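Participant: Listed below are the residues making up each chain.
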Amino acid sequence: MDGVSLLKRLLGVLLALAGLVPLIAGSWLAIRLGPSGTARFTLPDPGSVPVLVSPSVLNRTDLDVRIAVEAPDAVIGVGTPSDVASVLRSAEHRAVTGVQLPGWDLATRTEGSGPASRLGDIELWRDRQQIAGSGELTITQATAPESVLIVPGASPLKSVTMSWAHDTWFYQALVLAAAGGLLATVGWLLARPARRPRPAASQSITVSGSTTEEER
Amino acid sequence: MSRPAPRHTPAWLSRRAVTNGLVAVLGLSLTGCGLPDRVVGLHDAPVEKTSGAAYSEAAALSIVTRVLTAADAAFASSDAARKTRRTVLTGPALRSAEVENRFEDRSASLRTRGKPTVLGISAGRDWPRHILATTLVDGVQELHVLRANSPTSPYKLWITAPMLPGASLPTLPPLAEGITVVAGDKGLAASPTEVLTAYGQLLNVPTKTKTSKIVTTKDAYAAAVAQATAAQQKALGTLGTFTRTNKPATETLSFRLADGGALVFGQLARTDQLAPTSKAKRLDLPANLAKLAKTKSVTESLRLNWLMSAIAVVPTSGAATVIGVGEQLRGIEAD
Numbered sequence: 001m002d003g004v005s006l007l008k009r010l011l012g013v014l015l016a017l018a019g020l021v022p023l024i025a026g027s028w029l030a031i032r033l034g035p036s037g038t039a040r041f042t043l044p045d046p047g048s049v050p051v052l053v054s055p056s057v058l059n060r061t062d063l064d065v066r067i068a069v070e071a072p073d074a075v076i077g078v079g080t081p082s083d084v085a086s087v088l089r090s091a092e093h094r095a096v097t098g099v100q101l102p103g104w105d106l107a108t109r110t111e112g113s114g115p116a117s118r119l120g121d122i123e124l125w126r127d128r129q130q131i132a133g134s135g136e137l138t139i140t141q142a143t144a145p146e147s148v149l150i151v152p153g154a155s156p157l158k159s160v161t162m163s164w165a166h167d168t169w170f171y172q173a174l175v176l177a178a179a180g181g182l183l184a185t186v187g188w189l190l191a192r193p194a195r196r197p198r199p200a201a202s203q204s205i206t207v208s209g210s211t212t213e214e215e216r
Numbered sequence: 217m218s219r220p221a222p223r224h225t226p227a228w229l230s231r232r233a234v235t236n237g238l239v240a241v242l243g244l245s246l247t248g249c250g251l252p253d254r255v256v257g258l259h260d261a262p263v264e265k266t267s268g269a270a271y272s273e274a275a276a277l278s279i280v281t282r283v284l285t286a287a288d289a290a291f292a293s294s295d296a297a298r299k300t301r302r303t304v305l306t307g308p309a310l311r312s313a314e315v316e317n318r319f320e321d322r323s324a325s326l327r328t329r330g331k332p333t334v335l336g337i338s339a340g341r342d343w344p345r346h347i348l349a350t351t352l353v354d355g356v357q358e359l360h361v362l363r364a365n366s367p368t369s370p371y372k373l374w375i376t377a378p379m380l381p382g383a384s385l386p387t388l389p390p391l392a393e394g395i396t397v398v399a400g401d402k403g404l405a406a407s408p409t410e411v412l413t414a415y416g417q418l419l420n421v422p423t424k425t426k427t428s429k430i431v432t433t434k435d436a437y438a439a440a441v442a443q444a445t446a447a448q449q450k451a452l453g454t455l456g457t458f459t460r461t462n463k464p465a466t467e468t469l470s471f472r473l474a475d476g477g478a479l480v481f482g483q484l485a486r487t488d489q490l491a492p493t494s495k496a497k498r499l500d501l502p503a504n505l506a507k508l509a510k511t512k513s514v515t516e517s518l519r520l521n522w523l524m525s526a527i528a529v530v531p532t533s534g535a536a537t538v539i540g541v542g543e544q545l546r547g548i549e550a551d
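Top to bottom, those sequences are chains D and L. The first sequence finishes on residue 216 if you use my numbering, and the numbering steps up by one all the way, no holes. The second sequence finishes on residue 551 if you use my numbering, and the numbering steps up by one all the way, no holes.
These are calculated hints, taken from the structure and not from any lab test. Just so you know, these numbers come straight off a predicted model, no measurement behind them. Yeah, the Cβ is synthetic: ideal placement off N, Cα and C, and Gly gets one too.
Chain L stretches covered by chain D per the calculated footprint, using a threshold of three residues with CB under 8 Å from any CB of chain D:
1. 261-269
2. 364-377
Pairwise CB distance ranges (calculated):
3. L:Asp-295 to D:Pro-44: 52 to 58 Å
4. D:Ser-134 to L:Glu-316: 45 to 51 Å
5. L:Trp-343 to D:Ser-134: 33 to 39 Å
6. L:Val-356 to D:Thr-168: 54 to 60 Å
Just some of the chain D residues that point at chain L, by a computed CB distance under 8 Å:
7. Pro-55
8. Asn-59
9. Arg-60
10. Thr-61
11. Asp-62
12. Pro-81
13. Val-87
14. Asp-121
15. Ile-122
16. Leu-124
17. Trp-125
18. Thr-143
19. Ala-144
20. Gln-172
Work out the full structure: start from the sequences and follow the hints.
Facilitator: Next up, the structure:
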């Protein structure tokens, strides 16, 4: 094997490995997002303190945000950030700070200390939803910026799920997977062992009226 | 002559095709990878504007509907429901409600209140906040002011008063812009408190103030009061005297109008007194009044104490006009 062939095969291996990453990632994303391109991030066990979703998470895209809550008794309130902050004051709460992959979790941080009293009864909400079992609220970006406060009642919250839907994400994931597949294929083709020539049968080549036997 | 056998390489895997493919993949990678913000569409969250109305119209309407429903029930509640009243009423509205049931208009609970319309929402994010709303009650337009003192205290009805026949409400700032409370008499022809106090003095009987530069009595209420006073004095003749005394307004609330003037809400306390003269030993009361006063006649005097919830428009210059008045009898003293 000459140097060029070795380099070619090495390049092929690298390309194949580099292609596998987007292939796997794109396929995984496409499966998780589904054709509707819905990204769901869950906070599995929020506990008995209010959960705050501020504009830094809620209003970072132009997409509607759906917030689904499972709780025996809770209130979802939507209000202006300054109002929500003023009612929450220093009460203990979990602030959603972002989303996490690959776990599809909501990243949170515990802030404040002390109890929050009767937040569910406050009237400064632009929109308010009483939850008994499960419920959801969709926040559009038309009224941004806003904050959402999920206030548990007597029982703790079971889960909070935020979802953003954008069908283009699904197709982008497919393109990523296809690009990875293409890259991996090209790499594999470059890296595959060169075919050894088959032993050729004797053949006659006639040159200038003479016959020469040549083996290839 | 025999030719060399062709190489077994697919056409799509020619050097040129592979080069093109790699360039395409590289291009796709540069577009998608490493640029999640662009793919997801991330951008900075918009900054909150704190200058407009504190709530949306829908949110304010929801609050107004709840408060007015509770307020109607509170007004119609028995005297024992004092604690409940205080959870939904405050200020002048609470004073009007905290009268004995026998002084209340029992037909009020039979009236039908139409769907509220929000006229104004406090601008900014400061407290207390107000919502100005109106409803139509059996053909009478009523104005309502709701007030919340802090983020954690619910809205309560601060005042409600019917508009006078023929009166109109000047233009308020756009709903999204919000309404602002006028401090003192800033930018106004006169102080709102002085306007309502002067209006009361003009209605006094007898009165030392025949006219005022800061408020007129060219309204339906003043005309009706003058007519009723004349009828009362005529009925009493020389056998009795009739006097009316309005106390100065002590609590007013003003909102800036679109033209710079102010829409003023306030309450006056007034006493109507009937007393027999030396020519009459006593005054016999009509049946309905006797029932309220719990006596059929008085020898010294009969004093009816009223609360008058008033709405006035104070311009930037010129005299103010009263556009709404609601009366509530709060007590009778018979001697």
